[in-house]
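2 protein chains.
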Amino acid sequence: MTKIPYRFYLTEEQLPKQWYNLRADMKSQPDPLLNPQTLKPVKEEDLYPIFCKELAHQELDSTTRYIDIPEPIMEMYKLYRPSPLCRAYNLEKELGTPAKIYYKFEGNNTSGSHKLNSALAQAYYAKAQGLTSVTTETGAGQWGTALSEACSYFGLGLDVFMVKGSYQQKPFRKAVMQVFDGNVIPSPSNTTEVGRKILQDKPNTTGSLGCAISEAIEKAITTPNCRYVLGSVLNQVLLHQSIIGLESKKAMEILGEYPDVVVGCAGGGSNLGGLIGAFMQDRLSGKTNTRFVAVEPASCPSLTRGKYAYDYCDTGKITPLAKMYTLGSGFIPSANHAGGLRYHGMSPILSKLYHDGYIEAVSYEQTKVFEAAVKFAKCETILPAPESAHAIKGAIDEALKCKESGEAKTILFGLTGTGYFDMTAYSDFLSGRMTDYIPSDEDLQKGFDSLPKVND
Amino acid sequence: MTKIPYRFYLTEEQLPKQWYNLRADMKSQPDPLLNPQTLKPVKEEDLYPIFCKELAHQELDSTTRYIDIPEPIMEMYKLYRPSPLCRAYNLEKELGTPAKIYYKFEGNNTSGSHKLNSALAQAYYAKAQGLTSVTTETGAGQWGTALSEACSYFGLGLDVFMVKGSYQQKPFRKAVMQVFDGNVIPSPSNTTEVGRKILQDKPNTTGSLGCAISEAIEKAITTPNCRYVLGSVLNQVLLHQSIIGLESKKAMEILGEYPDVVVGCAGGGSNLGGLIGAFMQDRLSGKTNTRFVAVEPASCPSLTRGKYAYDYCDTGKITPLAKMYTLGSGFIPSANHAGGLRYHGMSPILSKLYHDGYIEAVSYEQTKVFEAAVKFAKCETILPAPESAHAIKGAIDEALKCKESGEAKTILFGLTGTGYFDMTAYSDFLSGRMTDYIPSDEDLQKGFDSLPKVND
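The listed protein sequences derive, respectively, from chains A and B.
Position one of the first sequence corresponds to residue 423 (our numbering), numbered consecutively onward.
Position one of the second sequence corresponds to residue 423 (our numbering), numbered consecutively onward.
Just so you know, not all the hints are guaranteed correct.
Chain copies aren't distinguished; within one or between two, either way the pair holds.
Straight-line Cα separation of at most 35 Å, DSBU-like style, residue types lysine-lysine; simulated pairs [as the list claims (entries may be wrong)]:
#1 Lys-624 x Lys-797
#2 Lys-425 x Lys-672
#3 Lys-739 x Lys-425
#4 Lys-500 x Lys-823
#5 Lys-500 x Lys-825
#6 Lys-624 x Lys-800
#7 Lys-672 x Lys-500
#8 Lys-449 x Lys-619
#9 Lys-462 x Lys-823
#10 Lys-549 x Lys-825
#11 Lys-797 x Lys-549
#12 Lys-549 x Lys-522
#13 Lys-549 x Lys-515
#14 Lys-549 x Lys-823
In short, the hints are calculated from the structure, not lab data.
For reference, chain A alone in the conformation it holds in the complex (with noise of 0.2 Å):
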């Protein structure tokens, strides 16, 4: 290869046949989900009222490393991947760092975003097991939009709960997950008992990831035919996204490259685990001593600031319990929060490899954050969402460092998905309108509380 291309795209040929299990690497493995009820470690079948039987199995098989795509969900895959790993020659040229810039760009397809390459699983094991429809959360969209379009494409049912901040904010992204079907209810929502709950406690809340999941886990299982399922956070969906750091690894091995640092937006961790997944296991066995950088908001700092406990997955309290990195199920981030990454936890799968040391993590206040994104679309002409605007303003900083030291170290970064429908923050940003907001020791105390007792 003479000069590394803008884009590079794999062939179709070349896609990935099997997700990686990262846990099958993990000497050290992170503690099991326990039934919280029994405060024991959760057995498949304690999570089949929840989830369909092969995604339960996913969830807990922490020995098989690869596992095959099944051939419907590769077909769809054909549709929108390999994605292209990008060389972004202009904004290293912009920031004159001698640092190689790369990213693998997840964005091109409706759903906006990586969230469709689990989406796409998970919908098609729950038809595959007979199951007439699902329920699910979304954030800011992304989640909800790809799952819209799964299900419409395996025939399935679908209620999305969407942070209602979102649903305010994004007034397109309803529109879009109905032209796939979804069913879009603003959360909290008096359609649950648990949403009626939080709406009583608090009328003017804009809502947060763990309230809407467990309005979805409330209908899937008062449903017939129904289970929920979740776009970030849990091991099945990390595995799933296990194919961005595949492709990405192969396509760096045909351009003879190989990252000295990998940095990803982190929220509950379903693309900075999918990404880091194929080189993290290089790093796992010793081969290289590439680091990994989680990006993550200054207004809901789950790894840089949160503790690492079990905690409830959701705010109803409900789920397993999890140990991860929390700021408590009871934290709801501040209503100027835009976009994405308002997850009270982290995958706890990231949680243990961060708290081993194999994962580093940083903040940033959302202006900085959209200050990057703008220099990013000038250069690259692509306008990314708010989410991976973290990245690109880690990868920068990064890159910056290397301009210091005089280093051309390789950087790979995820830019998980387009801001499409997040122009009313972008506007927020350009007219000055949009402010910072880092939350005080005191105001994460109150999220601290709601951990459950079984870490005392």
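Once you've looked at the hints, dock chain B against the given chain A.
Then chain B, alone, in the frame of chain A:
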């Protein structure tokens, strides 16, 4: 190639390095542009007050067959080109057609459409001539977005006059242009004389492209070191857009395919002209007998119900006169018309080819078009722009004809862009609020009454 992939990308090295000038192969040339004062064919110099020199040259150059794409434009093309040639397997299956349906997808860039192909060229030439700013109009918003990106990249100021109907229907389009420093003005506006006059006559008008063009031209010729640029209709635009057809042809060649029918949506003709160019070359030389189908909205039917006549390109009647299929520069599409394709005329090159029988034309009402759009989205996971959906509808109908006749024809259509900013229209369609409008003969006569006397 064993099985044709869903998405086929040429490599960066395979990107065409020259544009193709279709006029060089037309034995029967389009009638010349006329100077509106002298009614004589315009000379390059006549165009210098409006266009920068190189673009004025390209506008009138009917003999140079291939024109090198300048290196800085090539570099920017590489940020989003080659665009994928897609095989619509799922749509074929849904329709049960023996036809093979391909589409060239131009929506994988932030402008969301093919418009960037010409925007980059026009901004580059303006900058190379030492201009400091340009003006333009935009209808659906794709062109304004594309030009904002291009101007931001090449360092040019930009005023965008946006058709008021679209401006109101697509609040977020404005925000995207602003990310790229574009200055967006709803048209008609009171910032120009022609705008003030139109507002006086029709204070409640939702505007038209012809009127926005007049405003942009007035602004350009009254601003120092500024020129006007246009996203469609012009010969130069078809030249830049020829890259769509060149790439399509090269990709199909590699896949062992050649289209029997090429279908494109037709507003001013930028996409249709670009898409069909390289294939029309073969048809004109007698090598092939490919059919070319232009699809236009029933509410703005310039080819199917317009007159082939000399007309102004703008409502204010300050541009050169072009011989084209036109509804009259006074024609303004019904306010209920969603999306673009609202121009009163049609590219002179395409008009000539249509007049000479090389192109067919059909028109559809918009509810039929959105029906096709939703069907397509569910099959192919791409949410199409309303403009592009016209081509989808045309291609579906061609494929259904094949189903009847049992012919396995190869259909290629242009998927010009994505519909992320058209969700108001989608919502209207999904909720049954969208209505159709077919102008009566009397409605059309009002537009024809505005045709200049030169035709008498």
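Evaluated hints:
In this assembly of identical chains, Lys-624 and Lys-797 lie within 35 Å of each other by CA distance neither inside one copy nor across copies; the values are 38 Å within and 41 Å between. Taking the closest pair of Cα atoms, Lys-425 and Lys-672 come within 35 Å of each other both inside a single copy (17 Å) and across two copies (22 Å). For the homomeric pair Lys-739 and Lys-425, neither the shortest alpha-carbon distance inside one copy (53 Å) nor that between copies (50 Å) is at most 35 Å. With identical chains, the CA atoms of Lys-500 and Lys-823 are at most 35 Å apart between copies only, with a shortest distance of 28 Å across copies and 38 Å within one.
Proximity of Lys-500 and Lys-825 under a CA criterion of 35 Å is satisfied inter-copy only: 26 Å between copies versus 38 Å inside one chain copy. Neither within a single protomer nor between protomers do Lys-624 and Lys-800 lie at most 35 Å apart by alpha-carbon distance, with minima of 41 Å and 38 Å respectively. In the homo-oligomer, the alpha carbons of Lys-672 and Lys-500 lie at most 35 Å apart both inside one protomer (16 Å) and across protomers (21 Å), since each shortest distance falls under that limit. Taking the closest pair of Cα atoms, Lys-449 and Lys-619 never come within 35 Å of each other, the shortest separation being 42 Å inside a single copy and 76 Å across copies.
Taking the shortest Cα distances, Lys-462 and Lys-823 never come within 35 Å of each other, neither inside one copy (46 Å) nor across copies (63 Å). In this assembly of identical chains, the alpha carbons of Lys-549 and Lys-825 lie at most 35 Å apart only when taken from different copies (30 Å versus 51 Å within one copy). With identical chains, the CA atoms of Lys-797 and Lys-549 are at most 35 Å apart between copies only, with a shortest distance of 21 Å across copies and 43 Å within one. When the C-alpha separation of Lys-549 and Lys-522 is checked against a cutoff of 35 Å, the pair qualifies only between copies, where the shortest distance is 29 Å, while the shortest distance within a copy is 43 Å.
In this assembly of identical chains, Lys-549 and Lys-515 lie within 35 Å of each other by CA distance solely across copies; the values are 20 Å between and 48 Å within a copy. In this assembly of identical chains, the alpha carbons of Lys-549 and Lys-823 lie at most 35 Å apart only when taken from different copies (34 Å versus 48 Å within one copy).
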